[in-house]
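As a plain string of letters, each chain reads:
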Amino acid sequence: MSRYLIHRFGQSLVLLILVSLVGFMVLNLAPGGPLSQFALTPGMSQADLERIAAQMGLDRPLPIQYLDWFWRLFVGDWGNSFRDGVPVLEVIGRHLFATLLLMISSTIISVGIGTVVGVMGATRRYSLFDYTATVLAMVALSIPTFWFGLVAIYTFALDLGWLPAGNMYTIGDQSFADYATHLIMPSLVLALVNVAIWSRYMRSAMLDVIDQDFIRTARAKGLPRWRVLYLHVMRNALLPMITLAGLQLPTLLGGALVTETVFTWPGMGRLFLDSLGYQDYPVVMGLLMFSAMLVLVGNLLADILVALADPRVRLE
Amino acid sequence: MTVRKTPFLCLTRRGVMQLGIGAAAAGLLPTIAGQVLAAEPSGQVIVGFSQEPTVFNPHMLHIEVDEGIHWNVFDPLFGVDENGTFFPALAAEVPTVENGGISPDGLNWRVKLRDDVVWHDGTPFTAEDVKYTLELLVDENFRSARRTGHELIRNIEVVSPTEITWEMTEPFAPYPSILAWTFMVPKHALGSAEDPNTAAFNQAPIGTGPFKWVERVAGDYILLEANENYWGEGPHLERLIFKYIPDLTVLYTQFKTGDIDVIALQGITPDHYQEATGLPGKEIVLAPSSAMESISLNMGRPQFQDPAVRQALYLALDKATIIDALYYGLPRPTESYYPQESFYYNKDLPKHEFNIEKANQILDEAGWARGDDGIREKDGVRLSFSNSTTAGNHVREQMQQFVQQSFKEIGAEMTIENLPPAVMWGDYWMLSQWDSVVVGINFTTGPDPDTSDYFKSTGINAQGGSGQNTWQINNPEVDALLEKGGKLFVPEERKEVYDRIQEIMREDLPFLPIFQYANVRGHQEGMEGYNPNVNVRITTWNAKDWKVN
Numbered sequence: 001m002s003r004y005l006i007h008r009f010g011q012s013l014v015l016l017i018l019v020s021l022v023g024f025m026v027l028n029l030a031p032g033g034p035l036s037q038f039a040l041t042p043g044m045s046q047a048d049l050e051r052i053a054a055q056m057g058l059d060r061p062l063p064i065q066y067l068d069w070f071w072r073l074f075v076g077d078w079g080n081s082f083r084d085g086v087p088v089l090e091v092i093g094r095h096l097f098a099t100l101l102l103m104i105s106s107t108i109i110s111v112g113i114g115t116v117v118g119v120m121g122a123t124r125r126y127s128l129f130d131y132t133a134t135v136l137a138m139v140a141l142s143i144p145t146f147w148f149g150l151v152a153i154y155t156f157a158l159d160l161g162w163l164p165a166g167n168m169y170t171i172g173d174q175s176f177a178d179y180a181t182h183l184i185m186p187s188l189v190l191a192l193v194n195v196a197i198w199s200r201y202m203r204s205a206m207l208d209v210i211d212q213d214f215i216r217t218a219r220a221k222g223l224p225r226w227r228v229l230y231l232h233v234m235r236n237a238l239l240p241m242i243t244l245a246g247l248q249l250p251t252l253l254g255g256a257l258v259t260e261t262v263f264t265w266p267g268m269g270r271l272f273l274d275s276l277g278y279q280d281y282p283v284v285m286g287l288l289m290f291s292a293m294l295v296l297v298g299n300l301l302a303d304i305l306v307a308l309a310d311p312r313v314r315l316e
Numbered sequence: 317m318t319v320r321k322t323p324f325l326c327l328t329r330r331g332v333m334q335l336g337i338g339a340a341a342a343g344l345l346p347t348i349a350g351q352v353l354a355a356e357p358s359g360q361v362i363v364g365f366s367q368e369p370t371v372f373n374p375h376m377l378h379i380e381v382d383e384g385i386h387w388n389v390f391d392p393l394f395g396v397d398e399n400g401t402f403f404p405a406l407a408a409e410v411p412t413v414e415n416g417g418i419s420p421d422g423l424n425w426r427v428k429l430r431d432d433v434v435w436h437d438g439t440p441f442t443a444e445d446v447k448y449t450l451e452l453l454v455d456e457n458f459r460s461a462r463r464t465g466h467e468l469i470r471n472i473e474v475v476s477p478t479e480i481t482w483e484m485t486e487p488f489a490p491y492p493s494i495l496a497w498t499f500m501v502p503k504h505a506l507g508s509a510e511d512p513n514t515a516a517f518n519q520a521p522i523g524t525g526p527f528k529w530v531e532r533v534a535g536d537y538i539l540l541e542a543n544e545n546y547w548g549e550g551p552h553l554e555r556l557i558f559k560y561i562p563d564l565t566v567l568y569t570q571f572k573t574g575d576i577d578v579i580a581l582q583g584i585t586p587d588h589y590q591e592a593t594g595l596p597g598k599e600i601v602l603a604p605s606s607a608m609e610s611i612s613l614n615m616g617r618p619q620f621q622d623p624a625v626r627q628a629l630y631l632a633l634d635k636a637t638i639i640d641a642l643y644y645g646l647p648r649p650t651e652s653y654y655p656q657e658s659f660y661y662n663k664d665l666p667k668h669e670f671n672i673e674k675a676n677q678i679l680d681e682a683g684w685a686r687g688d689d690g691i692r693e694k695d696g697v698r699l700s701f702s703n704s705t706t707a708g709n710h711v712r713e714q715m716q717q718f719v720q721q722s723f724k725e726i727g728a729e730m731t732i733e734n735l736p737p738a739v740m741w742g743d744y745w746m747l748s749q750w751d752s753v754v755v756g757i758n759f760t761t762g763p764d765p766d767t768s769d770y771f772k773s774t775g776i777n778a779q780g781g782s783g784q785n786t787w788q789i790n791n792p793e794v795d796a797l798l799e800k801g802g803k804l805f806v807p808e809e810r811k812e813v814y815d816r817i818q819e820i821m822r823e824d825l826p827f828l829p830i831f832q833y834a835n836v837r838g839h840q841e842g843m844e845g846y847n848p849n850v851n852v853r854i855t856t857w858n859a860k861d862w863k864v865n
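Just so you know, the sequences run in chain order A and B.
Just so we're aligned, residue 1 is where the first sequence starts under my numbering, counting upward by one.
Just so we're aligned, residue 317 is where the second sequence starts under my numbering, counting upward by one.
Chain A extracted, bound-state conformation:
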């Protein structure tokens, strides 16, 4: 196991270096730069822009800039945002909470409902319920989140006045109840699509197992239906779901750009878009490294969990 971990760790490190190299190059070779947004400021001249670029160290050759950045990262300094001067890790940390809050609550809803719908669909295959669930899942998958979010705001905030139109809290209130009321709409809107995804995956994972010989044997032995379903079918069906969950981890922390925009939720998705728009290199690079690490960690976790859940799998 430990040999396996060391091996995986070494692999990950090489991958991270490659990701950072490609990311840095693509970012810096793209035309424009972090200073061009200031060009239309009254009285701005090219000489001023060049002076400030030099002061920021942006005039150095790219390989030098990369090595400088990489060395700092290596010793734990992720740099400071060009936009507000705040250390990158702090910037990420500040947005992470908002994202975690939204993503965890919507994931709980979507995995919960998705699993139930998937299991019911699989056990009552081709029933009215199954057909309805399939059609609704297709509809949910096809609705653009942006549109659905706006419709929800118009209905529940503007017309009915039941729920706030967006934001994470009322500034100055910030009580639990305040957070909760603000969380309802975005997490449900975001969950809608994910319920569809999870229920589809769950249904097909169940179906893969349900027709197998050992299930028939279990039934033939006269085991109660619930026992067969929950201890034999579901336990086996959950294996691919664990892998899926591992792959979902980076998405979870990467934030949901569209939902965050519609509901003015100050999360990671918007941070990434804003930082990209302003060509805030340190933050974009920081986010890139952060999500690359999440992908690697997510995969590793999933592999380990599968090994724990399935005694047949051995990590070597």
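Hints are computed from structural coordinates only; laboratory data are not their basis.
Every residue gets a Cβ at the ideal spot worked out from N, C-alpha and C, and that includes glycine.
This list has only true hints and no planted wrong ones.
Some, not all, of what chain A presents toward chain B, calculated at C-beta under 10 Å: (1) GLY32; (2) GLY33; (3) LEU35; (4) GLN37; (5) PRO42; (6) MET44; (7) ASN80; (8) VAL86; (9) LEU150; (10) PRO164; (11) GLY172; (12) LEU271; (13) GLY277.
Ranges between beta-carbon positions, derived for each pair: (14) A/TYR126 with B/THR565: 40 to 48 Å; (15) B/GLN779 with A/PHE74: 40 to 48 Å; (16) B/ASN424 with A/GLN55: 30 to 38 Å; (17) B/ALA509 with A/ASP68: 18 to 26 Å; (18) A/LEU58 with B/ASN847: 38 to 46 Å; (19) B/VAL413 with A/ASP68: 47 to 55 Å; (20) A/GLN55 with B/ASP431: 35 to 43 Å; (21) B/GLY690 with A/ALA54: 48 to 56 Å; (22) A/PHE70 with B/GLN714: 39 to 47 Å.
Some but not every residue of chain A turned toward chain B, in silico, with C-beta under 8 Å: (23) PRO31; (24) SER45; (25) GLN55; (26) GLY85; (27) ILE153; (28) ALA157; (29) THR261; (30) VAL262; (31) PRO266; (32) ARG270.
Could you slot chain B onto chain A? The hints should help.
Same frame as chain A, now just chain B:
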């Protein structure tokens, strides 16, 4: 306090909370704080911005939305109102030639300061702070956003805590306007930092302004509270909040629901103007901006070197339809790059006419003959060019397509090549790598008419100059006039000079003026003191005068 549609789900809980911790919350909830004296600041306003303020050191590189914070946390020596008149702020009086503040040759300055001003941390404000600020602006190691004007200062002398003098190496008439946008920063807080570029001050500014910094939640909001020791009139609000809402549709929706009280910056999009004026409980203000929208032409391109071409293109520009159909008739057409509110705006410029026939005639006479494909050509130069602007600006993109059709009718081929903002306004714009561009530019620093950065031949970056003369305008008469105007201090004398420059620009047409921007702003009914000012870059400049009932 704002009238807000309370979400019903938390109504009872909130009520319970208010009863429970009412005493603790009394300071935050003005509805409970009924016993507070009328003169004390009360209530709050939430301003919605579609861009996020992130730069709080007013002398570092920033965008206009950041100035929304600067105006409320800091003070300049003197400010400028909507009529272009200077009013004293930290200075006891606005220095002029008459009161001896500026010597008749414009070289010696003497500024008297107020003696009753303290920084937000309680330290008294003195002439040392002014000296520190002026020196910081030209400090080699500081990433100063603007040095123009400040570079000319020599021998700053602190005469007393309330008096400061300096010399200028040459007379520079725009300097008062530049100073009116220059905020004083504290020597004791910023000067003691190891590196002013990364000082803690930049994240938690200390100023002398009407509002004090409380906190910022990145990506979300900035909270300011009333400065009880403010030297001037106001503030009347207890709290001022700037909320970042990136999407304009969402911004407008939250204005409708009452989640934000003031919709500022880009404001309400023109297509929502009609609906917005009918919203109950909201006031909608059409605020002129000093920016002018134009189709700019790169005079370095052979197609545009012939004045006949530029004239013909202007004649083929259907400005009325653009303004009415695409901008809902909100902005005003213009012939000049100065806002029509400006003292220096030249009213007598020839009016634009839309006349395809005449445009064709001019091009025929100038020898631009139509080729087989209907596109004109002269001496091997095809009348074909690209047009660029920021990708994603839908109204502008529609305008481009419309203009493309009009230009085709006079045998000019315009192709649309839009770019993302970071690319568009980088070297592409600054080093004149474009053919033609749709751009909105604010040509002036406050009320001052100086446009040297834009029109002087020494400002062509593509030719080794330094400025923002990206059209590559090279006109000796304009150079001489700008030189002259920059040294005159009497407004009437200056107006003659700048009137003439406007005439030349209208005749030469390096850019085809379309309209002066008008922004649709909105605020909750009953809010007083909201006063758009064409001489500053942002409408939240006077929040100290704002009142809510």
